[in-house]
Amino acid sequence: MHIVDGALAPEVLIGGGVLAVAGLGLGLRKLPIDKIPATGVLSATFFVASLIHVPVGPSSVHLIMSGLAGLVLGWTAFPALFVGLLLQAIFFGFGGLTVLGVNTVNIALPAVLAGLLFRGMVSRSSPVTAAVLGGVAGAFSIALTTLFVAISLALSGDAFIPAAKLVFFAHIPIMVVEGLVSAAAVYLIAKVKPALLQPADAAADFQLQAAVLRAKQAGEAPNG
Amino acid sequence: MSHLFGHDQPLKVQTGGGDAPSLVGTFDPRVRVIAACVFAIVVVVLQQIEFALGAVALAAVTMSLTDLPLRVTLKRMAAMDGFIIVMLVMLPFTTPGTTMFSVLGAEASKEGLMHAVLIGIRANAVVLMMLSLLSGMTPVALGHTLYRLKCPPALVHLMMFTVRYISVLHDEYHRLRMAMKLRGFKARNNAHTYRSGGDLFGMLVVRSLERAERVLDAMKCRGFSGHFPMIDDMAFRRRDGVFAVFFLALIAALVVLDRIYVFAY
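Chains A and B, in that order, give the protein sequences. Once you know that position 197 of the first sequence is 197 in my numbering, the rest is easy, because the numbers rise by one and skip nothing. Once you know that position 3 of the second sequence is 3 in my numbering, the rest is easy, because the numbers rise by one and skip nothing.
Read the hints as simulated data drawn from the structure, not as lab findings. All C-beta atoms, glycine included, are put in the ideal place defined by N, C-alpha and C. Just to be clear, a hint being listed does not mean it is correct.
[To be verified] In silico DSS-like links for lysine-lysine, alpha-carbon gap of 30 Å or less: (1) B:K110 <-> A:K30; (2) A:K35 <-> A:K193; (3) B:K110 <-> B:K75; (4) A:K193 <-> B:K181.
[Said to hold, decoys possible] Covered stretches of chain B, as calculated for chain A (at least 3 residues, CB under 8 Å): (5) 197-211; (6) 237-248.
I would like the entire structure built from these sequences, with the hints used as guidance.
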């Protein structure tokens, strides 16, 4: 869902740029230096996700997983997804330079909102409930992204409005697929590494517990 | 494929041998980054198809001075998101104006068609210039350049980490994918496929986070104190200045002529 350079009105580009800078500023404020490796590695993971294609009907789409990015990263999803978009634009020619702000807002803001809305609930739920909520968060984030794309187009000219509507409805299957894949991913994470879905302070507690557990296990026989 | 994401090599297809940089590659990366940005901003405000075509020509000349593989670059330039193509096709039918032709009762206007063509040309000009000026750089060099251009260090460090681990995680993805294939997995339109996709991605996230913990521990072991040294040998020389002035003059000419044309007619 990269809008290309040259399609949007200058006002929309500037508005998107300002919002993107504000979001980046907020995201970077919540990014202490010792969180940078984890955020960078996750940002790379979401970049790789965009290379994974899943079939939808006769065609296939690539995963975006922005809802999951919001759940795992919170506000720092903003810079993390921005970096991915920047690399895609510069090295693969997806999207463009002047629309980078708009594209970042369109993809990262829904991710952050999905994180803010669902993170608390997901962290308190059992894996099954967490999976359902994760699926809703994934579909919600894509729906919002599509809506934002449609709005950016509609604001740039009345002639785009039919196309904007079409964009929204054409993306409904993609929302469903993203929701299903996100649900499965959240289920797996909730089972395997629930600390990932916890807010930062709870995650620290959890890591402490895990360290204690590992220290205990170290005394026992290796399980291969 | 995974070589496309190597952190210490340009993200273009490796041509093998011949390490001497192309003409464009010898200019100061800072100048190239700024030139690409200015070019993009100017091109998206061009109103006349003639001058937008001039911008494409300028980008094509720049491309011919790089050693990017022609076919791959042109393919990347022309690749657009499906919905953008749909939007461009719909534009003639949704813009009011003089009717040119009609398809199944829907009338296409000349203004709409011109608008769609203009958008297509502008988009391709920016992408081609961006690929020509920037994609020959290694991602690490891009990080250093952005750092020297006063981007927030946290953002630059984040980008460097991302770049470093894309190749690693892409390999990891292929390993997991291979394991699925060996067990007879085939992607189809069913819940099993989506579930497996989710498991695959979830596993990737879990493993990458565990990797990040090890990375941070290793960094701390080596005395990481919250600052990365950024060592580069960027130098702004006279020829970089000449290139900058020449390039700016060309795009200034484009935009001024475009404005004059708009006001004159």
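A quick look at each hint next to the structure:
For the suggested pair B:K110 and A:K30, the alpha carbons sit about 50 Å apart, so the restraint of at most 30 Å is broken. Using a Cα cut-off of 30 Å, the hinted pair A:K35 and A:K193 holds, with the two alpha carbons roughly 18 Å apart. This hinted pair checks out: B:K110 and B:K75 have alpha carbons roughly 28 Å apart, not beyond 30 Å. This hinted pair checks out: A:K193 and B:K181 have alpha carbons roughly 25 Å apart, not beyond 30 Å.
Requiring three or more residues with a Cβ within less than 8 Å of a Cβ of chain A, the coverage given for the stretch 197-211 of chain B holds, as 14 such residues are present. Closer than 8 Å: that is the beta-carbon criterion, and the stretch 237-248 of chain B has 0 residues meeting it against chain A, so the requirement of 3 is violated.
When held up to the earlier numbered hints, the structure conflicts with 1 and 6 and fits the remainder.
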